[in-house]
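Chains B, C and D: place on chain A using the hints.
There are 4 protein chains.
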Amino acid sequence: MYFDLLENAGSWLSEDDLQQARANLPIVYVDAIPVRVDSTGAVTEVGLLLRVLPDGSISRAVVSGRVLYRERIRDALMRHLEKDLGPLALPKLPASPQPFTVVEYFPDPTVTGFHDPRQHAISLAFIVPIEGECVPSQDALDLIWITPDSVTSIEFELEMVGGQGRLVRMALAHVGLLP
Amino acid sequence: MYFDLLENAGSWLSEDDLQQARANLPIVYVDAIPVRVDSTGAVTEVGLLLRVLPDGSISRAVVSGRVLYRERIRDALMRHLEKDLGPLALPKLPASPQPFTVVEYFPDPTVTGFHDPRQHAISLAFIVPIEGECVPSQDALDLIWITPDSVTSIEFELEMVGGQGRLVRMALAHVGLLP
Amino acid sequence: MYFDLLENAGSWLSEDDLQQARANLPIVYVDAIPVRVDSTGAVTEVGLLLRVLPDGSISRAVVSGRVLYRERIRDALMRHLEKDLGPLALPKLPASPQPFTVVEYFPDPTVTGFHDPRQHAISLAFIVPIEGECVPSQDALDLIWITPDSVTSIEFELEMVGGQGRLVRMALAHVGLLP
Amino acid sequence: MYFDLLENAGSWLSEDDLQQARANLPIVYVDAIPVRVDSTGAVTEVGLLLRVLPDGSISRAVVSGRVLYRERIRDALMRHLEKDLGPLALPKLPASPQPFTVVEYFPDPTVTGFHDPRQHAISLAFIVPIEGECVPSQDALDLIWITPDSVTSIEFELEMVGGQGRLVRMALAHVGLLP
Numbered sequence: 322m323y324f325d326l327l328e329n330a331g332s333w334l335s336e337d338d339l340q341q342a343r344a345n346l347p348i349v350y351v352d353a354i355p356v357r358v359d360s361t362g363a364v365t366e367v368g369l370l371l372r373v374l375p376d377g378s379i380s381r382a383v384v385s386g387r388v389l390y391r392e393r394i395r396d397a398l399m400r401h402l403e404k405d406l407g408p409l410a411l412p413k414l415p416a417s418p419q420p421f422t423v424v425e426y427f428p429d430p431t432v433t434g435f436h437d438p439r440q441h442a443i444s445l446a447f448i449v450p451i452e453g454e455c456v457p458s459q460d461a462l463d464l465i466w467i468t469p470d471s472v473t474s475i476e477f478e479l480e481m482v483g484g485q486g487r488l489v490r491m492a493l494a495h496v497g498l499l500p
Numbered sequence: 322m323y324f325d326l327l328e329n330a331g332s333w334l335s336e337d338d339l340q341q342a343r344a345n346l347p348i349v350y351v352d353a354i355p356v357r358v359d360s361t362g363a364v365t366e367v368g369l370l371l372r373v374l375p376d377g378s379i380s381r382a383v384v385s386g387r388v389l390y391r392e393r394i395r396d397a398l399m400r401h402l403e404k405d406l407g408p409l410a411l412p413k414l415p416a417s418p419q420p421f422t423v424v425e426y427f428p429d430p431t432v433t434g435f436h437d438p439r440q441h442a443i444s445l446a447f448i449v450p451i452e453g454e455c456v457p458s459q460d461a462l463d464l465i466w467i468t469p470d471s472v473t474s475i476e477f478e479l480e481m482v483g484g485q486g487r488l489v490r491m492a493l494a495h496v497g498l499l500p
Numbered sequence: 322m323y324f325d326l327l328e329n330a331g332s333w334l335s336e337d338d339l340q341q342a343r344a345n346l347p348i349v350y351v352d353a354i355p356v357r358v359d360s361t362g363a364v365t366e367v368g369l370l371l372r373v374l375p376d377g378s379i380s381r382a383v384v385s386g387r388v389l390y391r392e393r394i395r396d397a398l399m400r401h402l403e404k405d406l407g408p409l410a411l412p413k414l415p416a417s418p419q420p421f422t423v424v425e426y427f428p429d430p431t432v433t434g435f436h437d438p439r440q441h442a443i444s445l446a447f448i449v450p451i452e453g454e455c456v457p458s459q460d461a462l463d464l465i466w467i468t469p470d471s472v473t474s475i476e477f478e479l480e481m482v483g484g485q486g487r488l489v490r491m492a493l494a495h496v497g498l499l500p
Numbered sequence: 322m323y324f325d326l327l328e329n330a331g332s333w334l335s336e337d338d339l340q341q342a343r344a345n346l347p348i349v350y351v352d353a354i355p356v357r358v359d360s361t362g363a364v365t366e367v368g369l370l371l372r373v374l375p376d377g378s379i380s381r382a383v384v385s386g387r388v389l390y391r392e393r394i395r396d397a398l399m400r401h402l403e404k405d406l407g408p409l410a411l412p413k414l415p416a417s418p419q420p421f422t423v424v425e426y427f428p429d430p431t432v433t434g435f436h437d438p439r440q441h442a443i444s445l446a447f448i449v450p451i452e453g454e455c456v457p458s459q460d461a462l463d464l465i466w467i468t469p470d471s472v473t474s475i476e477f478e479l480e481m482v483g484g485q486g487r488l489v490r491m492a493l494a495h496v497g498l499l500p
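Residue numbers (the working numbering), protein chains in the order written: chain A, 322 to 500; chain B, 322 to 500; chain C, 322 to 500; chain D, 322 to 500.
Chain A extracted, bound-state conformation:
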């Protein structure tokens, strides 16, 4: 989404070609909502990154990024999780390729409420338990872990853009913890 700054890294496309594609095709993304779980698998906390957006503003966000040509969805998820949470995060991807939802980000914010000013992105969203130590890397300024009750507060909702606050609430609903 609007939150991935180096989205062309590792691509076979030149920056020009990627711009061209973005003006003509929906782009495949993955969104990963990092969570901490207890010993029975129940979610106890949600992880939010702090990021500088392309326009210089600061925003809370989940892990998000593009799927590359000939890259498996699992590998794209692992690559973006490692990029944002560091190499020791030990993310536990779901066994199934079925996302809990599919988010349609449009340049026009009125179509779905999910908004990306740069492109039409179709994002497969997964909830990913994190078992290791996180070291926010690259573009992420910080990572905080917040309880389900707190993460849905108006305070955090206002710190997220493009519909990501709503996406976090949809993830909580899926795990049965929407307040």
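Rather than coming from a laboratory, the hints here were simulated on the basis of the structure.
You can't tell identical chains apart in this list, so a pair holds if it fits in one copy or across any two.
Within a straight-line C-alpha distance of at most 25 Å, the following computed SDA-like cross-link-like pairs (lysine to any residue) qualify:
| id | residue 1 | residue 2 |
| --- | --- | --- |
| 1 | K404 | V423 |
| 2 | K404 | G453 |
| 3 | K404 | I467 |
| 4 | K404 | N345 |
| 5 | K404 | V358 |
| 6 | K404 | E366 |
Please read these numbers as outputs of a predicted model, since none were measured by experiment.
Okay, now just chains B, C and D, sitting in the frame of chain A:
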């Protein structure tokens, strides 16, 4: 997939630009498995199209096609269902955007077993009850309705390519009717 | 749930035996969230019943009821939908037996937030498009159709008990329409 | 299912009362398909128990057992997994309460094809990655890990009863690995 012949119809891309994109980006698809259901919603039959493939061979296939730029997934599904089953098919799309699976078609048939020689396609797969009358149109030569038991027979499996026989069995598993 | 008044109708159990079972076993329920959808399957309205609860108070609620011995889940859903919405409602049950969530109602309201003072109920929850005419019957005083935005308002939330307001929001999240 | 021998352990019901309930109510079960996954979460092996059935015959089976009164589904899953795989198995339950399917076991084998001669059981089925060491305990004679391709062979299918071979194939379909 390999089964959609006029995949550039309605696009903003020239044929050259689409070729270029296909050589560099995963392309977003939808797969729809047409089914007949009884009054309690249980699947009684699966619909299979008969198609001439780009190489001139004939194959059984489900409904499949590309999502266009700025097109909603629902609208892409409706467009491809109408294109293949005619305007009176009355497809009943699921209320949720969650696909029952996501299929990764690769140019290399060994990666996932799902294969498209032309491109890397990521396809959101849905089971779609059809309530109206079907008139196979455009590229589809024919449409047949087959019981869950028969559609998994080796006979039909051999008439499907690219992994679509497996996709049909995955759909039957999802509705609890895998023999 | 607490909202089904004649839950013993059609059972093989005497009222005493059902009381006994309820004091010793989790009871299987189905919850159905009635929705109106547009021609592309997108949810436009949610249906809420108005009910007199066992204690004489009035509450908004979704369709809910027990699964009987040797009754298929589909048949239980159809039976409760017909009981509450009338015989011409034409509910369209999902093709898959996978519920969008499983709700655990406990006599102790602090365990999950879902509460049934009479029993431990485990409820399979489904979103069910309604295509026909509804005539609220039996215990339901009324049925209203409300937009996704309105149904999540504090006004309606306060009119639902036992966690059903939260269940409706979880259903909206599943269909991508949580405000 | 038919595979859980000490299903009354820990219950508040006398054996007589449980018999009575089983003759009159659907009983809530959980089925857990144990899997080994690689570092990206993809399933590499499925675990099957070897069990002596009530009638003295031997059968392969997945983990299965009853949900007790006032027991959370998560806790029932953990209890049965620990009972069958030992205390060091480190099962990783999914974050969501949404089962990948719901299995309806009937005393009559012709209703759904899932069969339990003793009762009408409604079972929530989950795929559970196992990260630790397994020591098959109690009723399980043995535990073997088998690749997705092998577990669907006719050999293993014949060693499973009550529809569990089909359940394993449905689980493989859900994770995208049905051969």
